[in-house]
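Undergrad: These are the residues of each chain, in order.
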Amino acid sequence: MSAFEVEHLAACITAHAWNADRSRVALCPNNNEIHIYAKQGTSWVCEHVLAEHDQVVTSIDWAPKTNRILSSSQDRNAYVWTFKDGQWKPVLVLLRINRAATHVKWSPQENKFAVASGAKLVCICFFEEEHDWWASNHIKKHKSTVLKVDWHPNNLLLATASSDYKVRVFDAYVKKADGRVQRPYGEVAFGTPIFEFDQCASWVHALKWSPTGNQLGFSSHDSQLAVADFATNPPTVDKIKLRTLPLTDLLFATENSIVGVGHNTSPILVTKQGSGWTLQGDLDTGSGSAASDNTSARNLFQNKVDLGESKVDVKLPTVHQNCITNIVSYKQTGGAVSDFSTSGLDGNIVIWKVKPLETKSKLKFL
Amino acid sequence: MSNYEEENIDSGSVAGKSDAEYKQDISAREKEVAKFLNQGKPSEAIPIALQDPPIYTKSQAIKDQNSAVVVGLLGQVKEKDVDACVERLDADQLDILMKYIYRGLATGDNSAIFFKWFEATLKKGGIGSVVRAISERKTV
Chain A
1 MSAFEVEHLA
11 ACITAHAWNA
21 DRSRVALCPN
31 NNEIHIYAKQ
41 GTSWVCEHVL
51 AEHDQVVTSI
61 DWAPKTNRIL
71 SSSQDRNAYV
81 WTFKDGQWKP
91 VLVLLRINRA
101 ATHVKWSPQE
111 NKFAVASGAK
121 LVCICFFEEE
131 HDWWASNHIK
141 KHKSTVLKVD
151 WHPNNLLLAT
161 ASSDYKVRVF
171 DAYVKKADGR
181 VQRPYGEVAF
191 GTPIFEFDQC
201 ASWVHALKWS
211 PTGNQLGFSS
221 HDSQLAVADF
231 ATNPPTVDKI
241 KLRTLPLTDL
251 LFATENSIVG
261 VGHNTSPILV
271 TKQGSGWTLQ
281 GDLDTGSGSA
291 ASDNTSARNL
301 FQNKVDLGES
311 KVDVKLPTVH
321 QNCITNIVSY
331 KQTGGAVSDF
341 STSGLDGNIV
351 IWKVKPLETK
361 SKLKFL
Chain B
1 MSNYEEENID
11 SGSVAGKSDA
21 EYKQDISARE
31 KEVAKFLNQG
41 KPSEAIPIAL
51 QDPPIYTKSQ
61 AIKDQNSAVV
71 VGLLGQVKEK
81 DVDACVERLD
91 ADQLDILMKY
101 IYRGLATGDN
111 SAIFFKWFEA
121 TLKKGGIGSV
131 VRAISERKTV
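Order-wise, the sequence lines are chains A and B.
Taking the UniProt record's numbering, the leading residue of the first sequence gets 1, the next gets one more, and so forth.
Taking the UniProt record's numbering, the leading residue of the second sequence gets 1, the next gets one more, and so forth.
It is worth saying that the hints were derived from the structure and are not from the lab.
From the three backbone atoms N, C-alpha and C, an ideal C-beta is built for every residue, glycine too.
Misleading hints may appear alongside valid ones.
Straight-line alpha carbon distances no greater than 30 Å define the calculated DSS-like cross-link-like pairs of lysine-lysine that follow [as the list claims (entries may be wrong)]:
#1 B:Lys116 x A:Lys241
#2 A:Lys364 x A:Lys315
#3 A:Lys241 x B:Lys138
Facing chain A, a subset of chain B residues (Cβ under 8 Å, in silico) [as the list claims (entries may be wrong)]:
#4 Gly72
#5 Leu89
#6 Gly126
#7 Gly128
#8 Val131
#9 Arg132
#10 Ser135
#11 Glu136
#12 Arg137
#13 Lys138
For reference, chain B alone in the conformation it holds in the complex (with noise of 0.2 Å):
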């Protein structure tokens, strides 16, 4: 008998949104993620692509379907705009955006900004952000 064990503790969490609702507001978001990229400001979709991401389901594929949103969208932000958007994000919204930096680095591709966006996470939101992103069970 393991004396850990995590499905067990996992249980417990059964807040949030089912996995077809999820899904359904992961489309809507992507849409308008998408109308301000057409305009040319990705920066000023960065607080609508964090809102409420898909913690509590269990599915990994709508985790994969937000995170390409979010990431993709941390992508497109020019250098220069990154720490201007880090700053006008509150505690829970930066725990959220480190979350998705770890994630962006994972892929492996285009790691030079997701460093940039580390940078600028970690100064306003402290070592703590980063030991949040690795520690909590909620992934996203």
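Just chain A, same shape as in the assembly (with noise of 0.2 Å):
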């Protein structure tokens, strides 16, 4: 069995989410179009082009309880799209912000979602029955742009990554949408922060929380991945220095493993043993025939010496020929990951499975 399954489907991808059974796959193809892709067969077909957003589809999720899309954009817009009659059909958030929308996020029980933007804040949105629309709370705090958001497993701590170098983590509970719970930090006001983080030297790229939500694992552009663990309070952060280009999106395989993708062109796993996380290598060990990074590059130029060719088809080794944007879970068995997709710059939706790839990387997810 292979550890992969390869799909090129777009020149450049900057996002892309599944459907609840994985047979659709919704991705932009780096522009205003969101394409929705069918499984037929073996063959991709694109079934429907969504195409309400004026500028490029930074972030799209798919719920899977309620089957709706979520999309947010450059053009300052959020839409949830519904299918009804064979048609997706678009309704606009109200989400008052005057910068792009950068990330967006449901919250597991698909009552209310996170929209991350440009604004320095990010929108917590709920359905209000009476005027039939999503409106919006805005969470504010932060010094710089919000470029991810991630939710709680308890549906009310929201986690916020951000260009100002820090991570917070809010308390993102909305009377309308959420009624009457039982809060984990008691009553603290709509938009505070209970916790913040400092480690990062740099933007910080990506969090995620882990599946318990007692770990929330973030990466920064300085090549650092530091895991907060919320056993104790406040938290003890762990943090590790990559050997390699930084990280832009996290996925926790299991509680002790975590893939992460990024500049790279493969995927990493970091796992934690004992008390302290590890980094353990990467994933996509490549073909072995291809010539290493150093000596490609050198016959680019060479050639273009030689022979004066100015265009050179350089294959790396590895799946991905270029910048790994966004991580996905695809499958999950008994609570653990088994496999991950993953789309980049270079238009590759990448299928990878976990099993084989053990065997074939010679690492060990905990």
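Could you use the hints to bring the two separately framed chains together as a complex?
TA: Right, dumping it as structure tokens:
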């Protein structure tokens, strides 16, 4: 069994998301459209093109239970798409922001969602029955663009990653959406950070809660990955310096294994042994036959000199041929991610299978 | 209104020492480094020189003062000793060293030795150490 499946669906992919049964994928081919591909036999066929945004779509999230697609774009808007009579119908969300929307995420119960933006704030959006629209509350307190958001499994806490070098955790309780629930940190005022992490020395690109919500992983542009453990209060933070280029997205495959993707063309595995996190290495060990990065770059210039060729096809030994920007869980077995998918600037969507991947890379998920 | 206000971002981190304390520390380190240089053992002074760089101060003069000590020292290590020096450093020291290598290369003098330092540090610290040297706001 092969360790991965590759599907080249566009020249460049900025975001992708799967539906509940993984029969369809929504992706943005680096423009204002969202393409929905369906698997027919062995090939992927473009089923719908959703063109309501005016500028590049930055993020897509597909709610598994309610089958609604959420999208955000640089045009400062977000839409909620519902499937009715064979068509996807958009509903505009009242974000009230004056900069690009950078990232969207449904809450686990799908009764509200968060939109990160360049306007130095996060919108917590919920449905107002009486007006029949999606309204939003603003969480300010950020000093720069918010790049990523992620919901705690308890549907209440929201973590944000910002280019002001900080990670913050907020209580995103909305009375209209949540009703009466027990809140983990009591009656915290809306928009007040409960925790603030300043371990990063540069923009924080990515963050994810672990499956239990007891740990929060985040990575920044200074090639560091940090994991905060909420077993203690204040949480303890374990920080590791990476040897490679920065990570732009993370996935907790299990409670003790993180797969990170980013400016490198191979996903990396970081695992927790005992109390500390350690870097295990590249999951994509490549075909082995191709030349190393240094020599291929050298060949490029050599060819220019010797042959006058300006364009030489340089094929990297890894599956992805460019930065990886997204990683999503594809299949779960027994509480652990058994397959995950990545997409990147090379326009490939790759579905990785953990078991054969472990054998091939000689690394162990914990 | 600019959407990216750097001053605001930096204001949060006021950890570290006052400018006067930094000055004192740097002069003390300078003397120690000079002692090793007089004995002809510049490579042994490297870990001392890389201690506690003035990353929190806003004063460029203090950064320049410390940089003069470190960059001066790096320039005096013999090329054949560079690899052994780098081998003895831990991950944090490597990151600091990389930042000073960039400062050394920025002067434009004696570049050959700094390229040698760069090569050895890159080999041990990986491309990540270069990323940190370039992207971190806490400059040396």
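Undergrad: Next, verify each hint and record whether it holds.
TA: Hint by hint, here is what the structure shows:
no., hint, verdict
1, B:Lys116 x A:Lys241, "holds, 23 Å"
2, A:Lys364 x A:Lys315, "holds, 28 Å"
3, A:Lys241 x B:Lys138, "holds, 16 Å"
4, Gly72, "violated, 26 Å"
5, Leu89, "violated, 13 Å"
6, Gly126, "holds, 3 Å"
7, Gly128, "holds, 4 Å"
8, Val131, "holds, 4 Å"
9, Arg132, "holds, 5 Å"
10, Ser135, "holds, 4 Å"
11, Glu136, "holds, 4 Å"
12, Arg137, "holds, 6 Å"
13, Lys138, "holds, 6 Å"
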